[in-house]
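K.L.:
Could you put the whole structure together from the sequences, leaning on the hints where they help?
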Amino acid sequence: MMQWVVHIIIDALVLLAAANIMPKVKLKGFKTAIIVAIIIGLLSFLLSWVLTLLLNVATFGIFYFLGLGFITRVIAYAIIIEIADQFSSDFKTEGFLPSLWLAVFIALVGGIVDAILF
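Numbering (the numbering used here) for the sequence shown: 1 to 118.
For the record, the hints were derived by calculation from the structure and aren't laboratory data.
A few of these clues could be false.
Unchecked claim - BS3-like, lysine-lysine: derived pairs with alpha carbons at most 27 Å apart:
| id | residue 1 | residue 2 |
| --- | --- | --- |
| 1 | 92 | 26 |
| 2 | 31 | 92 |
| 3 | 92 | 24 |
| 4 | 92 | 28 |
Note that the structure is a prediction, hence the values are computed from the model and not measured.
P.N.:
Okay, here's the thing in structure tokens:
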């Protein structure tokens with residue numbers, strides 16, 4: 001449970017940082033960042049495996065067999081961020097590319113936090 005709370009807070013901080021750095025990502029405040037991080041976490045829990053499976057089938061598993069499965073996971077995560085964008089009126093990404101970069105940032109920071117803390 002504590003690991004999930006830490007990831008929500010870290011993801012919210014990454015969302016805030018990305019909103020300040022990237023001009024095509026709009027976020028109102030920390031409360032909205034927490035809500036969006038929870039939405040992204042829930043959608044990731046529910047949909048990530050389905051999207052990753054679909055992307056692996058669509059690419060004939062090329063990335064998986066080459067050891068680059070993280071690419072399909074990042075793309076699935078970007079799709080989840082786009083879906084979360086539709087759920088919250090205070091969070092907007094203008095296009096798929098900012099969502100993709102946001103997915104990369106969240107994945108990198110989450111991986112670093114996991115390596116350090118857990």
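K.L.:
A separate judgement is required for each hint: does it hold in the structure or not?
P.N.:
Each hint tested on the structure:
Distance restraint check for residue 92 and residue 26: the Cα-Cα separation of roughly 5 Å lies within the 27 Å cut-off, and the hinted pair is therefore satisfied. For the hint linking residue 31 to residue 92, the alpha-carbon distance of about 15 Å falls within 27 Å, and the restraint holds. This hinted pair checks out: residue 92 and residue 24 have alpha carbons roughly 8 Å apart, not beyond 27 Å. Proximity of residue 92 to residue 28 is assessed by CA-CA distance (about 10 Å); at most 27 Å being required, the pair is judged to hold.
Checked against the numbered hints given earlier, the structure satisfies every one of them.
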